[in-house]
Amino acid sequence: MNTEELYQGTLKGCRNTKHRQEILDTMRLFEVPATVDDIYAMFKYQNIDISMSTIYRNLEKLTEKGVVLKTIMMDDNKARYELNRERDKHYIICVKCNKIFPIDYCPFDQAGKDLFAASGFEITGHKFEIYGYCPDCKKQKSE
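All you need for our numbering is the position in the sequence shown, starting with 1, plus 14.
Keep in mind that the hints were calculated from the coordinates and are not lab data.
Values in this document were obtained by computation on a predicted structure and should not be read as measured data.
Some clues are possibly wrong.
What the hints assert, rightly or not - Quick list of in silico lysine to aspartate or glutamate cross-link-like pairs, EDC-like style, CA-CA up to 16 Å:
#1 Lys113 with Asp39
#2 Lys84 with Asp118
#3 Lys84 with Glu45
#4 Lys103 with Asp51
#5 Lys79 with Asp51
#6 Lys110 with Glu36
#7 Lys92 with Asp52
#8 Lys110 with Glu45
#9 Lys32 with Asp63
#10 Lys113 with Glu136
#11 Lys113 with Glu157
#12 Lys103 with Glu143
#13 Lys92 with Glu74
#14 Lys84 with Glu74
#15 Lys141 with Glu157
#16 Lys58 with Glu74
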């Protein structure tokens, strides 16, 4: 969904500001959840003048509207943000270097649905995070 479609749908009633549009465009560049520092660094790299408080404020509004998902990763307790692409989120996270690797399939699919079907619980979504050492950090650890 492009930015214009968002403002006609999910973000209806929100002002379409230059910074909000730039944040959405920048968020599309990330394939994994990004910290505010990551987003700010991307703006600096692109020579776009924006303050951290503007990024925080807009991310909170976009999160409130459901356009952006906010998550706190257990490895460092930092808030990370990603566009809501309306699919389940699954990641492997290195506990040493904090690299995040997306998992392209859902290990929870049918087993999870079967598990909760008997309880009458309606699942609306989930996220799955696995923590460990990436190949580079594992190699350094064993040296």
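Here is what the structure says about each hint:
no., hint, in the structure
1, Lys113 with Asp39, "violated, 22 Å"
2, Lys84 with Asp118, "violated, 20 Å"
3, Lys84 with Glu45, "holds, 14 Å"
4, Lys103 with Asp51, "violated, 21 Å"
5, Lys79 with Asp51, "violated, 22 Å"
6, Lys110 with Glu36, "violated, 31 Å"
7, Lys92 with Asp52, "holds, 11 Å"
8, Lys110 with Glu45, "violated, 20 Å"
9, Lys32 with Asp63, "holds, 11 Å"
10, Lys113 with Glu136, "violated, 32 Å"
11, Lys113 with Glu157, "violated, 20 Å"
12, Lys103 with Glu143, "holds, 8 Å"
13, Lys92 with Glu74, "holds, 15 Å"
14, Lys84 with Glu74, "holds, 9 Å"
15, Lys141 with Glu157, "violated, 33 Å"
16, Lys58 with Glu74, "violated, 21 Å"
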